[in-house]
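Student: Next come the chains, spelled out residue by residue.
There are 4 protein chains.
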Amino acid sequence: TIRALFKQIFAASLKLQQKQHEDALLVSRARKPEDTVVAVGSVRIGGGTPVIIAGPCSVESEAQTDAVARVIAEHGLGLIRGGAFKPRTSPYDFQGLGVEGLKILREVADRYGLKVVSEIMTPGDLDVAVRYVDIIQIGARNMQNFALLKEVGALSTPVLLKRGMAATIEEFKFAAEYILSHGNPNVILTERGIRTYEKATRNTLDISAVPILKQETHLPVLVDVSHAAGRRDILLPLAKAALAAGADGVMIEVHPDPSVALSDAQQQIDLDTFRRFMAELKTAAPAFV
Amino acid sequence: TIRALFKQIFAASLKLQQKQHEDALLVSRARKPEDTVVAVGSVRIGGGTPVIIAGPCSVESEAQTDAVARVIAEHGLGLIRGGAFKPRTSPYDFQGLGVEGLKILREVADRYGLKVVSEIMTPGDLDVAVRYVDIIQIGARNMQNFALLKEVGALSTPVLLKRGMAATIEEFKFAAEYILSHGNPNVILTERGIRTYEKATRNTLDISAVPILKQETHLPVLVDVSHAAGRRDILLPLAKAALAAGADGVMIEVHPDPSVALSDAQQQIDLDTFRRFMAELKTAAPAFV
Amino acid sequence: TIRALFKQIFAASLKLQQKQHEDALLVSRARKPEDTVVAVGSVRIGGGTPVIIAGPCSVESEAQTDAVARVIAEHGLGLIRGGAFKPRTSPYDFQGLGVEGLKILREVADRYGLKVVSEIMTPGDLDVAVRYVDIIQIGARNMQNFALLKEVGALSTPVLLKRGMAATIEEFKFAAEYILSHGNPNVILTERGIRTYEKATRNTLDISAVPILKQETHLPVLVDVSHAAGRRDILLPLAKAALAAGADGVMIEVHPDPSVALSDAQQQIDLDTFRRFMAELKTAAPAFV
Amino acid sequence: TIRALFKQIFAASLKLQQKQHEDALLVSRARKPEDTVVAVGSVRIGGGTPVIIAGPCSVESEAQTDAVARVIAEHGLGLIRGGAFKPRTSPYDFQGLGVEGLKILREVADRYGLKVVSEIMTPGDLDVAVRYVDIIQIGARNMQNFALLKEVGALSTPVLLKRGMAATIEEFKFAAEYILSHGNPNVILTERGIRTYEKATRNTLDISAVPILKQETHLPVLVDVSHAAGRRDILLPLAKAALAAGADGVMIEVHPDPSVALSDAQQQIDLDTFRRFMAELKTAAPAFV
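Sequence lines, in order, name chains Z, C, E and U.
First residue of the first sequence? That's 282 in the working numbering, and the numbers climb one at a time after it.
First residue of the second sequence? That's 282 in the working numbering, and the numbers climb one at a time after it.
First residue of the third sequence? That's 282 in the working numbering, and the numbers climb one at a time after it.
First residue of the fourth sequence? That's 282 in the working numbering, and the numbers climb one at a time after it.
Note that these hints are calculated values from the structure, not bench results.
Some hints here could point you the wrong way.
Since the list can't tell identical chains apart, any single copy or any two copies may satisfy a pair.
Said to hold, decoys possible - Cross-link-like lysine-lysine pairs, in silico, PhoX-like; alpha carbons within 25 angstroms at most:
{"id": "1", "residue 1": "Lys288", "residue 2": "Lys300"}
{"id": "2", "residue 1": "Lys300", "residue 2": "Lys480"}
{"id": "3", "residue 1": "Lys396", "residue 2": "Lys296"}
{"id": "4", "residue 1": "Lys396", "residue 2": "Lys431"}
{"id": "5", "residue 1": "Lys431", "residue 2": "Lys296"}
{"id": "6", "residue 1": "Lys431", "residue 2": "Lys313"}
{"id": "7", "residue 1": "Lys384", "residue 2": "Lys396"}
{"id": "8", "residue 1": "Lys431", "residue 2": "Lys288"}
{"id": "9", "residue 1": "Lys313", "residue 2": "Lys396"}
{"id": "10", "residue 1": "Lys396", "residue 2": "Lys563"}
{"id": "11", "residue 1": "Lys288", "residue 2": "Lys480"}
{"id": "12", "residue 1": "Lys313", "residue 2": "Lys563"}
{"id": "13", "residue 1": "Lys563", "residue 2": "Lys300"}
{"id": "14", "residue 1": "Lys384", "residue 2": "Lys288"}
{"id": "15", "residue 1": "Lys431", "residue 2": "Lys563"}
{"id": "16", "residue 1": "Lys288", "residue 2": "Lys563"}
{"id": "17", "residue 1": "Lys384", "residue 2": "Lys480"}
{"id": "18", "residue 1": "Lys563", "residue 2": "Lys296"}
{"id": "19", "residue 1": "Lys296", "residue 2": "Lys313"}
{"id": "20", "residue 1": "Lys296", "residue 2": "Lys480"}
{"id": "21", "residue 1": "Lys563", "residue 2": "Lys384"}
{"id": "22", "residue 1": "Lys313", "residue 2": "Lys384"}
Just so you know, these numbers come straight off a predicted model, no measurement behind them.
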């Protein structure tokens, strides 16, 4: 019918406009077809070889951090993650060691030739953070902390931006656009699961976000399997799925003794489990950085 | 069976522990049975008489703000809301007038004897904000901006805390606990809808959160009907429902000419619609402040 | 800009087409402006006076059903609900008394002059059901059981259609359209909460659905507060909110001794609590049928 | 503290009981450690070699079905899917060819030596269905159509059970348990995406469900990438991810000319795209049945 025809024309026009609008964004692959590669030391994120970013949820001590760093270095990986400023639901939970934690991370990382990824939660901490951190993580709860996005946009330090727990893929892209439009092109997108009704996992890993973000943006895309799952027993299949779907790498929480961890005890894996994880993942993808 | 009996005992024990833990919170009604009343000038929020907080989504100009303020004062209401720092999905959208907007709000509010509610998005803006604002709003995207929560916790200015768009009621309470535990007891909880699959409304107003928060905490509870609905045509029934469910008041966006508004054009109502809204709401609840 | 103007034109055109499409539906108020009133005996649902439909989750025995029916009649209410065919997550849970349950319901209802609402789950049970039931309930899990919808559409018995637990308001309207388009105009829509991430309640009552359904359709709209809440302590404020939002009535589960109920033990209220519920609800709305 | 210790004991006890309860289910891997393999002709689903189930959303004509079947056979695949009874949101949408569609499917499938998968929506259609269909599909909307589950449980025909669009993994297992407990052990679980707030995809593929279902049950697990995505451009990465996560196979909708398809026009792929899909998928997994 004529009516259906008009409807299709209108819908197509709208979609086209929407697409043109999105294509104009700095994050858009239409605007910059080649992949952005974020280089940190010798590690190249988004350069074709997947990265594994491992480390404890929270930096708790020098010994704990060193134990994890040693295993990371043992596998030839170049990055360590660890939380010094911790976003915790309750004010009475462990809030992280703060700057002291950053110092431990830096010292241990330097010992093993690793680069440091750590979350910063507020603009006021950026000045000190850039002295210790190689990649600034913006956590899920701060994906739309626009003041923070603008501030890291004014830096040149790479930014690992996590998807908010109820953010749409479109909002995620716009959050990255805040950073790029303020001058910092070194943004790494990280899918970490979204909040749904399903409670078998802590969050629902939105695996479809990986190919969509790879198509629509030129930025590297990682998957944080630990926060997505919230349980240890499915981390390996999720990591395999992430790489199979085209992710540029995987984040995973590792702790020498998860049962006494000060945060995320349920989802961190111990050192031996991490060794097995790496061994089995190599069957899926041969090389990591 | 024995097994089922043990299960009930275990479950009951866990629930009891959970309850004891929650009862120990500063926000908990178990700890402070009497209602907290947040007094701002002559307005008492949580004092038994519902409040209506109206105003434009964004402060756009002195004339626009004045037009709304006049109608608010006309109805004997004591509060005006207006955004000066605007959290916007895209960096290319109108970001608010900033401090200039706060000054306009203050000047217009003083002209009509109103108190000012306005959102602050980052700790760095608090110093200037407290000079112009009577109630600091923490928006949904910042409900777990813990650095910001701690900072407003160190002030005595009342805080209107909005529920995050995917926050559980429990997380909402803990966010308020951050503020109380840092010393500021003047917190107003505001339900503004949660993000669900339903797209007929911008968010899904979780009306059940109202009686639950009233039972479990001693804090005033408001409902922001404009952000919940994202459309004008159901604001009145939602406001009636909110008050019927026990809310201490309602927030609503009002603009002299919504069609040219710089933000939230779809959900703001014009001045005449607001007058009708107030008239009809009075049939549901006789008095407002 | 021209582009933005075209976008608005396209969007408006699409919206208009969508509206015209929806206005053409049999359920649409645009097509039939006056309210549909479903009459069952002397009870008129949708006729301006709210109805309260109470009764046990499951019919368990004649004595249990009689005890509830007596209290219903005591309050001058004309309807009793009770489950004979029970949709249960596990095959090992109590599946209802089946036809035996319908017979008990009928007998007890006749004793007190009540009309019977009971769920039917499959077309094969309709023949026997219509002998005992005055209003056939289609449960949330069967909202899109299209074979069942078509079959009840071929009957003249009124149908109480519950919203699916992840159904959009639009899908809900189309489910009703299945019934109307097969010839049965006597449909009562019932909002019973949708599934979200929030776990403080069993489901999230979508209170906005009430005014939207009242605006867009001519059918009566009820709210099932028991399944929405999944807990007893907020049923009264939810019922008040439902009526304030414009609902034509409320469904609530009542059991003489909820602690031994064979289903939904957590959310049913006992007889005395029901008496208090009715007393307090009368302050919100003076008369019920 | 003592309190925290007790809490852990209680929580562990509850979890243990829950686990014991689930381990007792017929679907549970604890009860039957070895994988269930559903054999249909020479195709073995769950036997280690992944299956690809392709075919049109709806059977529209003999020619259309034949065109798809030829390409399926060309790739050495043994199964064709096609809808004859279609669950459609609107009663005015194409409802499928019904029995006529089943006959076309059977005839075409026999021509190419394929086995037939087709959805049955109501118990009344089972008698005729078993004459034409090799695997009965229970769609997402009927996952908790318990009467239908019981009826297919009484057959020996294999059942492909799709996860409901808002079903938890636990509810999904219980739905399968209905079938097994009524006597039919040949159940294939199919993840097809769940409904969330994200609109970039039709549903959110819950990739975590794959390893969880493989661990907790002994049943084969497939992934329907077409309904999960609702768009064509990410089907290949989703299929790769599904297999990498441990799925026993993938379902995908194929149509000779999707633009004129009577249903799901947006997500079906044409024959050439399907050929490329198969070619590229073979780099991820070498053999399919």
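Student: Decide, hint by hint, whether the structure agrees.
Tutor: Against the structure, the hints:
1. In this assembly of identical chains, Lys288 and Lys300 lie within 25 angstroms of each other by CA distance both inside one copy and across copies; the values are 18 angstroms within and 12 angstroms between.
2. In the homo-oligomer, the alpha carbons of Lys300 and Lys480 lie at most 25 angstroms apart only across protomers (15 angstroms), although the nearest pairing inside one protomer, at 35 angstroms, exceeds that limit.
3. When the C-alpha separation of Lys396 and Lys296 is checked against a cutoff of 25 angstroms, the pair qualifies neither within a copy, at 42 angstroms, nor between copies, at 39 angstroms.
4. In this homomeric assembly, Lys396 and Lys431 come within 25 angstroms of each other (Cα to Cα) only inside a single copy, at 24 angstroms, whereas the closest approach across copies is 30 angstroms.
5. In the homo-oligomer, the alpha carbons of Lys431 and Lys296 never lie at most 25 angstroms apart, since the shortest distance is 29 angstroms inside one protomer and 36 angstroms across protomers.
6. For the homomeric pair Lys431 and Lys313, the shortest alpha-carbon distance inside one copy (21 angstroms) is at most 25 angstroms, but the shortest distance between copies (41 angstroms) is not.
7. Proximity of Lys384 to Lys396 under the C-alpha cut-off of 25 angstroms is restricted to the intra-copy arrangement: shortest distance 13 angstroms within a copy versus 46 angstroms between copies.
8. With identical chains, the CA atoms of Lys431 and Lys288 are never at most 25 angstroms apart, being 40 angstroms at best within one copy and 29 angstroms at best between copies.
9. Proximity of Lys313 and Lys396 under a CA criterion of 25 angstroms is satisfied in neither setting, with 27 angstroms inside one chain copy and 47 angstroms between copies.
10. In the homo-oligomer, the alpha carbons of Lys396 and Lys563 lie at most 25 angstroms apart inside one protomer (22 angstroms), although the nearest pairing across protomers, at 37 angstroms, exceeds that limit.
11. Only between protomers do Lys288 and Lys480 lie at most 25 angstroms apart by alpha-carbon distance; the minimum there is 20 angstroms, versus 40 angstroms within a single protomer.
12. Taking the shortest alpha-carbon separations for Lys313 and Lys563, neither the intra-copy value of 31 angstroms nor the inter-copy value of 31 angstroms comes in at or below 25 angstroms.
13. For the identical chains of this complex, Lys563 and Lys300 are neighbours neither inside a copy (38 angstroms) nor across copies (32 angstroms), given an alpha-carbon limit of 25 angstroms.
14. In the homo-oligomer, the alpha carbons of Lys384 and Lys288 never lie at most 25 angstroms apart, since the shortest distance is 60 angstroms inside one protomer and 35 angstroms across protomers.
15. For a Cα distance limit of 25 angstroms, the shortest separation of Lys431 from Lys563 qualifies neither inside one copy, at 38 angstroms, nor across copies, at 44 angstroms.
16. Taking the closest pair of Cα atoms, Lys288 and Lys563 never come within 25 angstroms of each other, the shortest separation being 50 angstroms inside a single copy and 40 angstroms across copies.
17. For the identical chains of this complex, Lys384 and Lys480 are neighbours neither inside a copy (37 angstroms) nor across copies (40 angstroms), given an alpha-carbon limit of 25 angstroms.
18. Within a single copy, Lys563 and Lys296 get their C-alpha atoms no closer than 41 angstroms, and across copies no closer than 34 angstroms, so neither meets the 25 angstroms cut-off.
19. In this assembly of identical chains, Lys296 and Lys313 lie within 25 angstroms of each other by CA distance solely inside one copy; the values are 21 angstroms within and 34 angstroms between copies.
20. For the homomeric pair Lys296 and Lys480, the shortest alpha-carbon distance between copies (14 angstroms) is at most 25 angstroms, but the shortest distance inside one copy (35 angstroms) is not.
21. Proximity of Lys563 to Lys384 under the C-alpha cut-off of 25 angstroms is found in neither arrangement, the shortest distances being 32 angstroms within a copy and 48 angstroms between copies.
22. Taking identical chains as interchangeable, the C-alpha atoms of Lys313 and Lys384 are never at most 25 angstroms apart, the minima being 37 angstroms within one chain and 42 angstroms between chains.
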